[in-house]
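Undergrad: Spelled out from the first residue to the last, the chains are:
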Amino acid sequence: MTKPISVAPFPADYVADDALIARRFAGALDQLRSRTNRFFAKLLVVQWLATVALALIVSPKAWEGRIPTTHIHVWAAIFLGGAISLYPAWLGWSRSGLTQTRHAQAAAQMLMSALLIHLTGGRIETHFHVFGSLALLALYRDIRVFATATLIVYVDHLARGWFWPESVYGVLTTTVWRSLEHAGWVLFEVTFLSMTVAASLREMRELVARQIGLEKLNRDKDQVVQTRTHELARSEEQFRAFFNDSPVGLYRATPAGDFIAVNPALLKILGFPSFEALRTAWHSAPGFDGGRAQFLAELSVTDEVLRRDAVWRRQDDRPLHIRETGRAFRDATGKMEHIDGTIDDVTEHRQLEERYLQSQKVQAIGQLAGGVAHDFNNILTVIAGYTHLLLRDPKMTEPLRHGLDQIRIAGVRASGLTGQLLAFSRKQHLQPRVIHLNAVAAEMDSMLQRLVGENIRIRTVGVSGLAAVRADPGQIQQVLMNLVVNARDAMMPKGGLLTIETANVVLGPEYTRIHHDLTPGSYVMLAVSDTGVGMSPEVQARLFEPFFTTKIPGQGTGLGLATCHGIIKQSGGHIAAYSEVGHGTTFKVYLPAVDAEASAEIPAPLQDERRGAGEMILLVEDDRTVRELGCELLTSLGYKVVLSANGLEALDRFKEYPQISLVITDTIMPHMGGRELVSRIHEFAPRLPVLFTSGYTFDALGETGEVAPGCHFMAKPYDPAVMARKIDDCFAESRS
Amino acid sequence: MPRPSHRSGTARSGWRLGAGIALWGGLLACGFGALVSYEMRPGSRADAPLRWPRESKLQAGPHRYSLVMFAHPKCPCSRASLANLESLLVAAPGEISMTICFYDPAGETSEWAETRLVRTARAIPGLKVVLDRDGQLAVEFGAKTSGQVLVFDRDGRQVFDGGLTSARGHEGEDQGGRHLLALARGETRSPLSTPVYGCALREKSALAAQP
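Line order of the protein sequences matches chains R and E.
The working numbering puts the first residue of the first sequence at 1, with every later residue one more than the last.
The working numbering puts the first residue of the second sequence at 1001, with every later residue one more than the last.
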């Protein structure tokens, strides 16, 4: 007995319900039976043709003596065989799948057996066609078809046995049992064929059930594949967008370091218009450092991300500071397949770092200068003050006067040095005004010509309609003088042309983006150009560095350009240098343009001392020697003096002497500083004039270096003339 | 106009199909009936002599019985007769002297009668093959149909007249064969006459002139 095919149980999730299985099974069975119908249609026609051929071969003619006639078997094969086969064959093509077609074909197949048996004279061998036909009918997977076939065989045998028994049994009389015996053998085969068909149907149903399950499984898999494909495409698209849009340069390279793919950002960083251009230039361009070989070697022995900094050159030969990271990717055998990496343009970062370091350096020096300046200027104040007082003595002999004069000059130089230290560290006291740079340059023209000597010609190009700027004119004069001296030294001893030029300029975002201390807008440019030796890039890089000088020792302090830089920065401007070795240098100073009208007032030269009329002045100074010097100077200028050593004491003195008409106070003192003292005094007398003194502006007046309205400032060290003028200014303003 | 329903259309189609199949079945039944009717229609019976003709050139055999079969060399039905004769020869060896006479018409070439049937007969051991020139022997023995068998005993008396097949060209067991086997085995001595199925040995005109 046929057993069902043993297969593994199907996953429960994919077992279909019986109704669906039944529908699909019926459909599959219909298809199979339709195919079988068409098969039998062809088979019947073939058998018909074969039968005709058989008749023509075996019994083509019947004879009557010498006269032949076509044998009746030939006609039987043609017409009876045709009748047997053609109608069921037509049904098989046009009515395939129908039950009637199936049974008609089964009957035809068995009748074809009968015809063949007739044509072969009842040969026992031909009877095997019956059993072969039954086996073929099993293709229908329909047990009922066997019933039709068996019935045809039985009826044929029974009828012939009944009407012509000798043609079947060879005797004239027989019983029905002989036909039953004949049919019994047919039934014997049909029984086993039916069992096979039943088993086949069960297996077919199981296959259908599995097919349904597999289809569902495949649909689910297709869905998963579709989802995964979509996700993959999306991921790829995102990666591509990330790769193409990333501001950081990304690349994939061979183990030898040759680029396989780069993103647009990397092309932009390296300055190449296309990947092909980069690949072409990669090996020949000198800008890509050999240090990369070491980097690649390190990558080849690790799976970690490595980083390095290097200096390359862009395609246009500009230096390019890069930061490169890379990681090696390997195949299953561990062989390096490729490198994925990034290249970031850190040129701006490097410049910022350098500026920051420079700034730190300047700040450190400034702090040092500020710390020194406070006490040092007190000392210089005493030296300068007493020197002035002594020099006023008419009884002073000439040798002594000469010595004192040298002390005064040394004091002035020391004071200038301290001022420069404070200037480049941007802790200079400023007295900004609205001025025209053309006027400043014109004011200094003759002085500058004397300064540079005869073999250097100064050309001044001042644009008409130049905008005004707000700056301390004295400091701007200092800047211009430093730049001219610098130009002169660059052109010595050959001489040359020195051009001082002014212009209105507009600095756009592309410029201010590089120079972060500037904001876009209108500026006034002051340019000083020379035709000297020029500067190398290395010198340019350290140009404004304090104490950096290319001059021989003793000829320069290294503070000139640093001072210029500090003053311009403190004034809200910008200074830059452009130089080529052998062609000359241009320094450009940019100061923000202002709308206000320029003041015509240029600092007037110091005049003779003015004398007081007995006004009472409160002098607050914690340094005893300076306090005593101040008292003597003020007394000598004709003022009454009330002294205090600190703010608290001064407050008491002020309350004690309400006739005090001016307060001169140091800014940094124990217990109470000058600014707080003034604030407290102004609570009682808001309009009382104040004159601050300090050796260190920053501590006294804050970052801007500017005094509050109604207040004045007098930097230490000061001499009687300065003091007299400042006091006079205070009283004049108070009166107005 | 109302459309016929699918069900009624299917039923009508099924009815037509059933009718067609029934008609087809009837046609086939008629066809098979005609075929069987032809196969069961015997040939002309022989005017067989009751004793072995003395004047015949054909001599009786040495065995207890002498059998003479007349056959048309081109008759397809006679293949079954020859096969049954061979079966008899095998079943009763040494009891019956067998001779087969093939019709060999005058005026035809010698190849006309040299058919596969004749060659088959010559290949059967113990079977004497004679070419019956212009059917003289058939006339002498009164045979008219291919497959005609006549059996005489040792005394020359006819004991069987008929064919060895139960239908035209039908090979296998038949009444005549069973009787001859019984004779050979001594189980019976009664004469028997059976129908002969085969082609006419001679043309109808010749047969009509046959005495």
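Be careful, since some hints might not be right.
[Unchecked claim] Over the 12 Å line for every Cβ pair with chain E, so calculated as not near, a few chain R residues: (1) P60; (2) A104; (3) T120; (4) E203; (5) L368; (6) A576.
[What the hints assert, rightly or not] Straight-line C-alpha distance at most 30 Å; calculated DSSO-like pairs for lysine-lysine: (7) K1128/E / K1057/E; (8) K361/R / K216/R; (9) K588/R / K569/R; (10) K61/R / K395/R; (11) K61/R / K1128/E; (12) K61/R / K1204/E.
[Unchecked claim] Distance ranges between label pairs, derived from CB positions: (13) G184/R / S1190/E: 45 to 53 Å; (14) C1030/E / I124/R: 25 to 33 Å; (15) A53/R / C1030/E: 45 to 53 Å; (16) A53/R / R1157/E: 31 to 39 Å; (17) E1108/E / T70/R: 18 to 26 Å.
I should point out that these hints are in silico values taken from the structure, not numbers from a laboratory.
Glycine included, C-beta positions come from ideal geometry on N, C-alpha and C.
Undergrad: Does the structure keep K588/R and K569/R at a Cα separation of 30 Å or less?
TA: Measuring from Cα to Cα gives roughly 13 Å; hence the hint holds.
Undergrad: Please work out if K61/R and K1204/E have their alpha carbons no farther apart than 30 Å.
TA: holds (17 Å)
Undergrad: In terms of Cβ atoms, is chain E entirely out of 12 Å range of E203/R?
TA: holds (31 Å)
Undergrad: Hey, is P60/R genuinely clear of chain E, shortest beta carbon separation above 12 Å?
TA: violated (8 Å)
Undergrad: Between K61/R and K1128/E, does the CA-CA distance stay at or below 30 Å?
TA: Distance ~26 Å between K61/R and K1128/E Cα, so the pair holds.
Undergrad: That 25 to 33 Å hint for C1030/E and I124/R (C-beta), does it hold up?
TA: Check passed, 27 Å falls within 25 to 33 Å.
Undergrad: Measure nothing beyond the straight line between the CA atoms of K61/R and K395/R; if it is 30 Å or shorter, mark the hint as holding.
TA: violated (180 Å)
Undergrad: Just to be sure I understand the hint, the distance between the Cβ atoms of A53/R and C1030/E should be within 45 to 53 Å; is that true here?
TA: With Cβ atoms ~24 Å apart, the hint is violated.
Undergrad: Non-interface claim for T120/R: all C-beta distances to chain E beyond 12 Å?
TA: violated (8 Å)
Undergrad: Does the claim that A104/R lies off the interface hold, with its Cβ farther than 12 Å from every Cβ of chain E?
TA: violated (5 Å)
Undergrad: Quick check: does the Cβ-Cβ distance between E1108/E and T70/R fall within 18 to 26 Å?
TA: Hint holds: Cβ distance 20 Å, inside 18 to 26 Å.
Undergrad: Going by Cβ atoms, does A576/R stay more than 12 Å from chain E at every point?
TA: A576/R clear of chain E: closest Cβ-Cβ about 97 Å, beyond 12 Å.
Comparing the model with each earlier hint shows violations of hints 1, 2, 3, 8, 10, 13, 15 and 16; every other hint is respected.
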